[in-house]
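The lines below spell out each chain.
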Amino acid sequence: DAKTTQPPSMDCAEGRAANLPCNHSTISGNEYVYWYRQIHSQGPQYIIHGLKNNETNEMASLIITEDRKSSTLILPHATLRDTAVYYCIVRVVYIGNTPLVFGKGTRLSVIA
Amino acid sequence: SQTIHQWPATLVQPVGSPLSLECTVEGTSNPNLYWYRQAAGRGLQLLFYSVGIGQISSEVPQNLSASRPQDRQFILSSKKLLLSDSGFYLCAWTGTGKNIQYFGAGTRLSVL
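The listed protein sequences derive, respectively, from chains P and L.
Numbering follows my numbering, in which position 1 of the first sequence is assigned residue number 1; successive positions increment by one, without gaps.
Going from the second sequence to my numbering is simple: count from 1 and add 112.
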């Protein structure tokens, strides 16, 4: 799986959009970009994933650059409950028997 | 909808005592099931995965074992706990599409 690089921490004001970047310059053509988050003392929560088109769901939007070497997770209106560690993971779509590899992620702090 | 249940949420056990953690998935059939461990401040380590009843694959040699007695039940066990077995244990599953891994709430185990 391709390696990802994320800033270690970010702050965001409550009610504002949180934009979390991820670099994955060695991504292969068959690898998707997945985002998970882990709120303190809870299990990781799936947020969204995409291949090359931008994706949106009820939680967030995922913007992938045209060359697919980077992406941005957007939380449109951050709340205090969005404070968590956010992980960007790149891998082929069929997870099968192999584990997800979580890096250090970005610790997002939403401030009132 | 599919849900995953893990219990207990927290557990304190003495060294040398046995362990049994249970994970069940509802609302799906023939899931792939996984046990991960997360040490304090570190990433997730895959311990076991299962693609079907009675089929267990171990990723890391250790003091633990896993069993899958039913399609949607996954059990993590130990005959004698070690101090190094302390950590946050997470169960996860992937469904029919096999492309998204969902996690349980986790069990925080302290071996004293």
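Just so you know, these hints were derived from the structure itself, not from any lab.
Incorrect hints may appear among the rest.
Restricting the straight-line Cα-Cα distance to at most 25 Å, the calculated cross-link-like pairs of lysine to any residue (SDA-like) are [claimed, not checked]:
| no. | chain 1 | residue 1 | chain 2 | residue 2 |
| --- | --- | --- | --- | --- |
| 1 | L | Lys192 | L | Ile212 |
| 2 | P | Lys104 | L | Gly153 |
| 3 | P | Lys3 | L | Gln150 |
Here is how each hint holds up against the structure:
A C-alpha spacing of about 34 Å is found between lysine 192 of chain L and isoleucine 212 of chain L, which places the hinted pair above 25 Å, so the restraint is violated. The straight-line distance between the Cα atoms of lysine 104 of chain P and glycine 153 of chain L is roughly 9 Å, inside the 25 Å bound, and the hint therefore holds. Pair hint lysine 3 of chain P plus glutamine 150 of chain L holds up; C-alpha atoms about 20 Å apart against a cutoff of 25 Å.
Hint compliance for this structure: hint 1 alone is broken.
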